[in-house]
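Peer 1: Let's have the full structure, built from the sequences with the hints guiding it.
Protein chains in written order, with the numbering used here: chain A, 2 to 412; chain B, 503 to 795.
By construction, these hints were calculated from the structure, which means they are not laboratory data.
Relax, there's no trap hidden among the hints.
Below are the DSBU-like pairs computed for lysine-lysine, each with C-alpha atoms no more than 35 Å apart in a straight line:
(1) B:783 / B:535
(2) B:685 / A:27
(3) B:693 / B:551
(4) B:590 / A:373
(5) A:72 / B:590
(6) B:783 / B:693
(7) B:753 / A:293
(8) B:616 / A:72
(9) B:752 / B:783
(10) A:293 / B:590
(11) B:545 / A:367
(12) B:551 / B:590
(13) B:752 / B:692
(14) B:727 / B:693
(15) B:767 / A:373
(16) B:596 / A:293
(17) B:752 / A:367
(18) A:72 / B:706
(19) B:535 / B:685
(20) B:761 / A:367
(21) B:616 / B:787
(22) A:313 / A:119
A few chain A residues facing chain B, derived, Cβ under 7 Å:
(23) 164
(24) 168
(25) 170
(26) 225
(27) 257
(28) 258
(29) 265
(30) 298
(31) 409
(32) 412
Ideal placement from N, C-alpha and C gives every residue a C-beta, glycine not left out.
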Amino acid sequence: MIKKIIGLSFAASATLFAQSDLEQLKTQLAQQQRIIAALQQRVEELETKQTSASAAATANVQTPTSTFDQKSFLPDIALILNGSAVGRNVDNSTYESYFIPGFSEFDPEEESEIPYNKNRGFNFNYAELAMHSTIGPYFDADAVFHLHPDEFEIEEAYITSRALPYGLRAKAGKFLSEFGRINSIHQHAWDFTSQPLAYEAIFGAEGLNDAGAQLQWVLPTDTYLMAGFEALQGSNDVSFGNIEKNNLYVGYLKAGADITDNTTLLSGLSIAHGKNEEGLDTNVYGADLTFKMMLDSYSSLAWQSELLYRDKDTSEGDHDQAGYYTQLVYDYNQNWATGIRYERLYKNLVDEPNDLERTSAMLEYKPFEFSKFRLQYAYDRSKIFGDERKNISEILLDFTIEAGAHGAHAF
Amino acid sequence: MQKILWLFAFITSWTFAQVNVVTTYTYLGEIAKAIGGNDVNVKVLASPKLDPHFIIPKPSLIPTLSRADMLVANGAGLEIGWLPPLLKNANNPKIAIGSQGFVDASQTIILIDKPVSVSRAYGDIHPEGNPHFSTDPHNIVPIARMIANKLSNLDPQHQSAYQNRLANFTTQWNAFLMQFDNKIHSCKGKKVVQYHQLYNYLLKRYNIQAVATIEPLPGIAPSSKHIMEVIDTMQQQHVHTILQDPYHEKKTASFIASKTGAIVKVIPHDVGNIEGTDSLKTFYKTIADRLCQ
Numbered sequence: 002m003i004k005k006i007i008g009l010s011f012a013a014s015a016t017l018f019a020q021s022d023l024e025q026l027k028t029q030l031a032q033q034q035r036i037i038a039a040l041q042q043r044v045e046e047l048e049t050k051q052t053s054a055s056a057a058a059t060a061n062v063q064t065p066t067s068t069f070d071q072k073s074f075l076p077d078i079a080l081i082l083n084g085s086a087v088g089r090n091v092d093n094s095t096y097e098s099y100f101i102p103g104f105s106e107f108d109p110e111e112e113s114e115i116p117y118n119k120n121r122g123f124n125f126n127y128a129e130l131a132m133h134s135t136i137g138p139y140f141d142a143d144a145v146f147h148l149h150p151d152e153f154e155i156e157e158a159y160i161t162s163r164a165l166p167y168g169l170r171a172k173a174g175k176f177l178s179e180f181g182r183i184n185s186i187h188q189h190a191w192d193f194t195s196q197p198l199a200y201e202a203i204f205g206a207e208g209l210n211d212a213g214a215q216l217q218w219v220l221p222t223d224t225y226l227m228a229g230f231e232a233l234q235g236s237n238d239v240s241f242g243n244i245e246k247n248n249l250y251v252g253y254l255k256a257g258a259d260i261t262d263n264t265t266l267l268s269g270l271s272i273a274h275g276k277n278e279e280g281l282d283t284n285v286y287g288a289d290l291t292f293k294m295m296l297d298s299y300s301s302l303a304w305q306s307e308l309l310y311r312d313k314d315t316s317e318g319d320h321d322q323a324g325y326y327t328q329l330v331y332d333y334n335q336n337w338a339t340g341i342r343y344e345r346l347y348k349n350l351v352d353e354p355n356d357l358e359r360t361s362a363m364l365e366y367k368p369f370e371f372s373k374f375r376l377q378y379a380y381d382r383s384k385i386f387g388d389e390r391k392n393i394s395e396i397l398l399d400f401t402i403e404a405g406a407h408g409a410h411a412f
Numbered sequence: 503m504q505k506i507l508w509l510f511a512f513i514t515s516w517t518f519a520q521v522n523v524v525t526t527y528t529y530l531g532e533i534a535k536a537i538g539g540n541d542v543n544v545k546v547l548a549s550p551k552l553d554p555h556f557i558i559p560k561p562s563l564i565p566t567l568s569r570a571d572m573l574v575a576n577g578a579g580l581e582i583g584w585l586p587p588l589l590k591n592a593n594n595p596k597i598a599i600g601s602q603g604f605v606d607a608s609q610t611i612i613l614i615d616k617p618v619s620v621s622r623a624y625g626d627i628h629p630e631g632n633p634h635f636s637t638d639p640h641n642i643v644p645i646a647r648m649i650a651n652k653l654s655n656l657d658p659q660h661q662s663a664y665q666n667r668l669a670n671f672t673t674q675w676n677a678f679l680m681q682f683d684n685k686i687h688s689c690k691g692k693k694v695v696q697y698h699q700l701y702n703y704l705l706k707r708y709n710i711q712a713v714a715t716i717e718p719l720p721g722i723a724p725s726s727k728h729i730m731e732v733i734d735t736m737q738q739q740h741v742h743t744i745l746q747d748p749y750h751e752k753k754t755a756s757f758i759a760s761k762t763g764a765i766v767k768v769i770p771h772d773v774g775n776i777e778g779t780d781s782l783k784t785f786y787k788t789i790a791d792r793l794c795q
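Peer 2: Structure follows, in C-alpha cells:
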C-alpha cells in the first residue's frame, strides 16, 4: 500500500517537472534516436559482413583437394652458388702441388684437395643445397649438401634441440665445430673468398667438421656468456685423425658486450684436444676478437682477429706452431664493402723459412641482399711447390648467390 | 624469528616477481609498459634510430632473450633478417615461435598491400603484407588487447591488473584518437611520395594518396632513371609532399624536392625514432603535426 502511494507521488511529481523539462527531453530523445539509428546501421553492416564471410567459408569447403596437402610442412630450401674467374702467376699443374711448409705435405698419389678457385681462368666452385625444418616440438633438423661438379658431399646434417630448459641447447650429427670465430661460418658468408691460412694449416681446407654431439649453455648473466662443449670423432687428419674411437673434445667460452650504443664486441676462447694419427696428443688453442661499429643502418666498420696455436706431439718431438689473421672490413652501404686482411704463420721448425704470410684486399658489390660480386687480390708468401718457394699473386672475381628460403646469418 | 622474516622476504619477492617482457621495437615496448605496469619488466631489442629491417643481431641481445618470459614481435616478416638467429642462440623455449610466450602483433592487424605474386624480382617484399602498421595509431588498441590477454594467461595472478590497465589505456587512447583523427582530417585529400612503403596504413586510413616511392622496389636504392620518373609523376599529379623516414639517406628526397618544389617531411615510424617522440602519444602527435604542417 505504502509502495503504491510512493509510486503515485513519484509519478505525480514527475508530471509536474515534466512540463518544464519537456523541450530538453525531446532533444534528448531525438539524440537517442539518432544514436540508435547509427547503431542499427552498424549492426546491419556487421551482419552483411558476417554473411559474406560465412559464404566465403562455405565456398572454401567446396575445395576438398587440399585435405591432405603437406605443402606447408616442406622444409625451407635454399640454393647457394659460387663461381669465380682467377688470374694467377702460377700455372694450374704447379699450383695443385702446393703445400704449406711445416704444416701440410703434397702427396702426388692423392687428389688435390684445394676446394675453391683451383684453376687459373674459370672455376665453378660449388652449388650448395641448404635445408631447415622443424621436426616436432622437440627438434629442428638442418642439412647442407655441398655439390662440386664431380662430387656430392654432406657438409652438415644435424638435429638441434628446441625445448631444453636453463638456456641449454644440444646438437647431434655432422656439423662444423664452433671452435673459434670463422670455423662454423660457411664460405658464402665469409668476408674474404679464401679460408684464413691459420685454419687451412691447422684444420685443413674443410675446417673442423666432424660427426659428434654438442651442448651449449647461455649463462643467466646480463652480458652474453656462452659455454660450449663438443665431443667429436676426430676424423680431421691434419691435426687429429686417430679414429679408433671418438677422441676429439672441443670446448669454448664466448662473451659479447656493447661498448657504446653503436659499438659491440664478441670474443672467444677455444680449445680442441684430441689424438693425432700417431696416437699422440694434439691440443689446439684459439682466441678471437671481433669489434664492430655501426655507423648507421647500412654502414659499419668491423675488425676481426683470430689466433690459433697448436701443440702437436709427434715421434719427432713436440711441434708448437701458430697462426693468426687480422682483418678490417668497411661496409660503406648496402651495396658496397671493402676490406683488408693480413695473415701469418709460425711453424717453429729450423730448416725452412719462417716468414709465411699473406695479404689480401677485397672490394664487394651487392646488387641485392642475396647476391654479391667480389674482387679480391692476394699476395701469398706461404706456399712451397716441390722444393721451390714461390710467392703467389692472385686476382679473383667471384659471385655468390643465395636463392630461396635461406635463414638470416648470425652476428 | 629471523627465519620467518627471510621466508617472508622470499615469498614476497616471489609474489612480486615481474614478468620479463622483451619487445623487438620501442612502440611495442611502450604498449607492454602501459599494460604491464609494475608487474612487468620491459626491454626493447632494436634501436629505434635504425632501419627496422636491418638490425644487427648483436650477441649482447642474446641474454635478454634468453631470460625473457614473453617476446612481443611486430611480425609480418619485419624481423626476419635479424630475430631468427638471436632466437636460436638464446636457447629459450618459453618464447619460441608458437609457444605461450611468443606474441606476434601482426596477427591482430588486417594487413594491407599483400602482394598478388611473390618473387624476389620485386625486391624485398613481404608475402604476408605490409608490416609497417606502427604508423597508424588505430592499430595500437588491438595490440594492447592481445598483450593484455597474453600477460593474463602467463601471469594469472595479476590478470585483473592487466585488464584494468587495458581498460584505462583503451579509454585514454580512444580520446587521443579523436584528437588525432580531427587533426589529420584537416589535411585530408593530399597526395604524397614516400621513400619506402612505410606510411601506407596511415595514408590509407585518411585517404591520403601515396603516388610513388623514391626507392624503385622495396629494399633497392633509388636509381637516377627512377628518380626522374618520380619527378615527372609528381609534376603531372601536382604532388607537393615527400615523406621521408629518419633512417634512409635524405639526399635523394632533397634533390627531388629541389626539382619539384615539394616539401620534405621527416615522419617518424617508431617511438624514440627522432627527438621528442619518447612516448606513444608524442610519437603520433609528431606524425600528425608534421603531416599537416
